[in-house]
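K.L.:
Quick mapping for you: the protein sequence lines, in order, are chains A and B. Position one of the first sequence corresponds to residue 1 (the UniProt record's numbering), numbered consecutively onward. Position one of the second sequence corresponds to residue 1 (the UniProt record's numbering), numbered consecutively onward.
To be clear, the hints were calculated from the coordinates, so they are not data collected in a lab. Heads up, some of the hints might be wrong.
Identical copies carry no separate label here, and so any pair may be met within one copy or between two of them.
Pairs of lysine to aspartate or glutamate residues, derived as EDC-like cross-links and limited to a Cα-Cα distance of at most 16 Å, are as follows [stated by the list, open to error]: (1) K200 with E48; (2) K339 with D47; (3) K403 with E422; (4) K403 with D84; (5) K197 with E44; (6) K200 with E179; (7) K399 with D241; (8) K22 with E44; (9) K218 with E32; (10) K403 with E90; (11) K418 with E246; (12) K98 with E113; (13) K272 with D240; (14) K341 with E125.
Protein chains: 2
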Amino acid sequence: MKTVDLRGKNYLKSRELELLIKRSEMEVEQFEESVKNILKDVKEKGDEAIIQYTEKFDGVRLKPEEFLVPFEELEKAYESLDEDTRFALEVAFERVKKFHEAQIEKSFFVEEEGMILGQKVIPMERAGLYVPGGKAAYPSTVVMNAAPAIVAGVKELIICSPNPNRYTLATAYICGIGEVYRIGGAQAIGAMAYGTKTIKKVDKIVGPGNIFVALAKKNVYGYVDIDSIAGPSEILVIADDTANPEWVAADLLSQAEHDELAASILITTSEKLAKEVKNILYNRYLVNFSREDIAKKSLENYGHIFIVDNIETAIDISNYIAPEHLEIIIKDPFSALEKIKHAGAIFLGEYSTEPLGDYVLGPNHVLPTGRAARFSSPLGVYDFIKRSSVIYVNQEGFKRVEKYARKIAEAEGLEAHKLGVEVRLKNI
Amino acid sequence: MKTVDLRGKNYLKSRELELLIKRSEMEVEQFEESVKNILKDVKEKGDEAIIQYTEKFDGVRLKPEEFLVPFEELEKAYESLDEDTRFALEVAFERVKKFHEAQIEKSFFVEEEGMILGQKVIPMERAGLYVPGGKAAYPSTVVMNAAPAIVAGVKELIICSPNPNRYTLATAYICGIGEVYRIGGAQAIGAMAYGTKTIKKVDKIVGPGNIFVALAKKNVYGYVDIDSIAGPSEILVIADDTANPEWVAADLLSQAEHDELAASILITTSEKLAKEVKNILYNRYLVNFSREDIAKKSLENYGHIFIVDNIETAIDISNYIAPEHLEIIIKDPFSALEKIKHAGAIFLGEYSTEPLGDYVLGPNHVLPTGRAARFSSPLGVYDFIKRSSVIYVNQEGFKRVEKYARKIAEAEGLEAHKLGVEVRLKNI
Chain A
1 MKTVDLRGKN YLKSRELELL IKRSEMEVEQ FEESVKNILK DVKEKGDEAI IQYTEKFDGV
61 RLKPEEFLVP FEELEKAYES LDEDTRFALE VAFERVKKFH EAQIEKSFFV EEEGMILGQK
121 VIPMERAGLY VPGGKAAYPS TVVMNAAPAI VAGVKELIIC SPNPNRYTLA TAYICGIGEV
181 YRIGGAQAIG AMAYGTKTIK KVDKIVGPGN IFVALAKKNV YGYVDIDSIA GPSEILVIAD
241 DTANPEWVAA DLLSQAEHDE LAASILITTS EKLAKEVKNI LYNRYLVNFS REDIAKKSLE
301 NYGHIFIVDN IETAIDISNY IAPEHLEIII KDPFSALEKI KHAGAIFLGE YSTEPLGDYV
361 LGPNHVLPTG RAARFSSPLG VYDFIKRSSV IYVNQEGFKR VEKYARKIAE AEGLEAHKLG
421 VEVRLKNI
Chain B
1 MKTVDLRGKN YLKSRELELL IKRSEMEVEQ FEESVKNILK DVKEKGDEAI IQYTEKFDGV
61 RLKPEEFLVP FEELEKAYES LDEDTRFALE VAFERVKKFH EAQIEKSFFV EEEGMILGQK
121 VIPMERAGLY VPGGKAAYPS TVVMNAAPAI VAGVKELIIC SPNPNRYTLA TAYICGIGEV
181 YRIGGAQAIG AMAYGTKTIK KVDKIVGPGN IFVALAKKNV YGYVDIDSIA GPSEILVIAD
241 DTANPEWVAA DLLSQAEHDE LAASILITTS EKLAKEVKNI LYNRYLVNFS REDIAKKSLE
301 NYGHIFIVDN IETAIDISNY IAPEHLEIII KDPFSALEKI KHAGAIFLGE YSTEPLGDYV
361 LGPNHVLPTG RAARFSSPLG VYDFIKRSSV IYVNQEGFKR VEKYARKIAE AEGLEAHKLG
421 VEVRLKNI
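Extracted from the complex, chain A is given alone in its bound form (with noise of 0.2 Å):
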């Protein structure tokens, strides 16, 4: 972990926040070929390649009539877990989704004289959550991925997992979810995308996966609509000298353990923090840490305290990363957040700590990632709607506004746009 010094400094110009920025603008050329061609089979040969993909990559051969998960296992993987964990992913679910209630958006019509116009909202009808298999997989990206769809009022909801573990079978029983299939890799994100006999294509792929998957998501974005491509997470501390170290550091330290490209990184105002923070991670919580080797990796390389002037220049560059998470542990954070322009979600005092957030408090974890929060939100509800503008206008409505449109279409030189006017002008 770098501790820069950047009192006093043209801070955002500084080497290391461009090499953090760098960061989630790696290239994966490489791989696009083979996803392309995995694409390719799955739309041409449907459940065949499917069939092929899964032996080759998962290791295991499966007819078409075994993607599907029978509806037992879901159920037994539910009753297999201790009765704690079931209540806590229970009430995680209702959370969510009580939270993504808020989110919800309702047609509307405005009347005007001889108009009616308005916009009507529709859930998608099918919609298709990839969930990682093997030690990647959360119950939690069940949850989070689930919930807004179904508070959105999705009809379909299925979920693809390559060798799907029983946290992932238990939850998507939580969830409601019976549709369940042991697929995974690009060629799931093929079979949800085109369609397969067994498996029918959806409106919309979400959920979070290795580089195949999110090429392949990349890949197959217009046929079907996708989520953001997550790239690897980031939290980011804003804080002061009022805040406790070993909660800074454990904090911290909870992002590095996800992925050795997770960037961990706090700005403070004091130089005291900065050193208790680096010395209890170091000496303290990484001796005899389960995920050491992942954490200590991403620490050496993307993470970084800042030493700053001010909470304004924390803030700023805190702005200019936009960072997935945004802990802000400062005498005053609500003070802070008006300024706070770019960022996934945003944690507001010592006790808001990120693992709430990430599991049960009710806002979504899946949150834009490599600065993609200076465009995009928090997966939500608005992620599984889609609208339709609505017009209805009358004769008068008609008279009122027929010759502005004849203008326009003139001077774009459109000539039946300005006939479909016209006819309709004989008659009045």
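Given chain A, put chain B in place with the hints provided.
P.N.:
This is chain B only, laid out in the frame that chain A set:
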């Protein structure tokens, strides 16, 4: 234009429908390589690459300081328009802005014991609008793309357009956009996505363009946000025997004149209407029509009249096609509204002709094409804002949920996530 009688048939399985659907699935691999090279050049060489490609493709050699159109040119273009056209565009801009105000999304904050959970809505900082040059430059494009961004509160809105014509410049002036660059193609998309010395990078790129522009947008997606990739345009008219064949024919033609790939589709219960519409199109409207070549090709390849048993079937087919524009010209058009599942814009009743919606009513004319209405929306204010989750938990709130977070962290094997909770628990 093909007339297909689907009465008594398994209509969703008709070959004609299948071919219509496939029309939007064209592969464009052959341009992928050159677009990627252009983007790479712009990323690496900045302005220099812009100069080279603008010379190569647009035949103009510009210095970097000539990229920006001087403000006086915008003003002059505005003054060059006749008063009626100017006023029509101003009315359009005002009406479109007003409609979009109904889409404004507010931040929300929900209080619970020991917690405040919410969502902060923030406009994007800087957006780029691509406007095609030459023939395909439509002032309405500027209005429809600029208005939602302006209503959303985007501070910096720029336009890139190769050889922008006076309508583009005048409409930029009307919309209050002072930053217009005379560059286009994939190189303009690259400049907006990566930034150059002269052109500051944006957070989102919107607007139509040729295949190079579309591919470039798809390639930079992730770096910056983009609107959906527009495919060829389509109109679907559902009409019964109450519809005026002249009006229906004009509306179909107004789509066909756009583009050889545009699809104009009539679904009707009336054999008589089917015959009359076709007759009027070919024997009256297409005679001496300014855009005859384009329209004829479009109608020949993608123009269809489907005769069906009843309006329910017509709606069913329409939902399958998920058309960009849907006109419903039947006795009680409102009765159909509830059954429409997928359509970009729904025009109800005989006076609600598409050209009015294209130009002046208020709803956006940038609409999902090629079945994308299954999962996407008209361009709107929601495309130019993003949301940040806001989380505040005090000790009381923390105590209410901490055990669930610990339990799930255990299930996921994320030790540091649990630690973040436990170190705080010690304090209580």
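K.L.:
Each hint should be assessed against the structure and marked as holding or not.
P.N.:
Hint-by-hint comparison with the structure:
Proximity of K200 and E48 under a CA criterion of 16 Å is satisfied intra-copy only: 15 Å inside one chain copy versus 48 Å between copies. Taking identical chains as interchangeable, the C-alpha atoms of K339 and D47 are never at most 16 Å apart, the minima being 52 Å within one chain and 33 Å between chains. For a Cα distance limit of 16 Å, the shortest separation of K403 from E422 inside one copy, 9 Å, qualifies, whereas the shortest one across copies, 69 Å, does not. Taking identical chains as interchangeable, the C-alpha atoms of K403 and D84 lie at most 16 Å apart only when they sit on different chains, with a minimum of 9 Å there against 68 Å within one chain.
For the identical chains of this complex, K197 and E44 are intra-copy neighbours only, at 11 Å inside a copy versus 45 Å across copies, given an alpha-carbon limit of 16 Å. Taking the shortest Cα distances, K200 and E179 sit within 16 Å of each other inside one copy (11 Å), while across copies they are farther apart (47 Å). Taking CA atoms no more than 16 Å apart as the test, K399 paired with D241 passes in neither setting, with 67 Å inside one copy and 24 Å between copies. Taking CA atoms no more than 16 Å apart as the test, K22 paired with E44 passes between copies only; the shortest distance there is 14 Å, against 38 Å inside one copy.
Both within a single protomer and between protomers do K218 and E32 lie at most 16 Å apart by alpha-carbon distance, with minima of 10 Å and 14 Å respectively. In this assembly of identical chains, the alpha carbons of K403 and E90 lie at most 16 Å apart only when taken from different copies (13 Å versus 59 Å within one copy). Taking the shortest Cα distances, K418 and E246 sit within 16 Å of each other only across copies (13 Å), while inside one copy they are farther apart (70 Å). Proximity of K98 to E113 under the C-alpha cut-off of 16 Å is restricted to the inter-copy arrangement: shortest distance 15 Å between copies versus 39 Å within a copy.
Taking identical chains as interchangeable, the C-alpha atoms of K272 and D240 lie at most 16 Å apart only when both belong to the same chain, with a minimum of 10 Å there against 78 Å between chains. When the C-alpha separation of K341 and E125 is checked against a cutoff of 16 Å, the pair qualifies only between copies, where the shortest distance is 9 Å, while the shortest distance within a copy is 34 Å.
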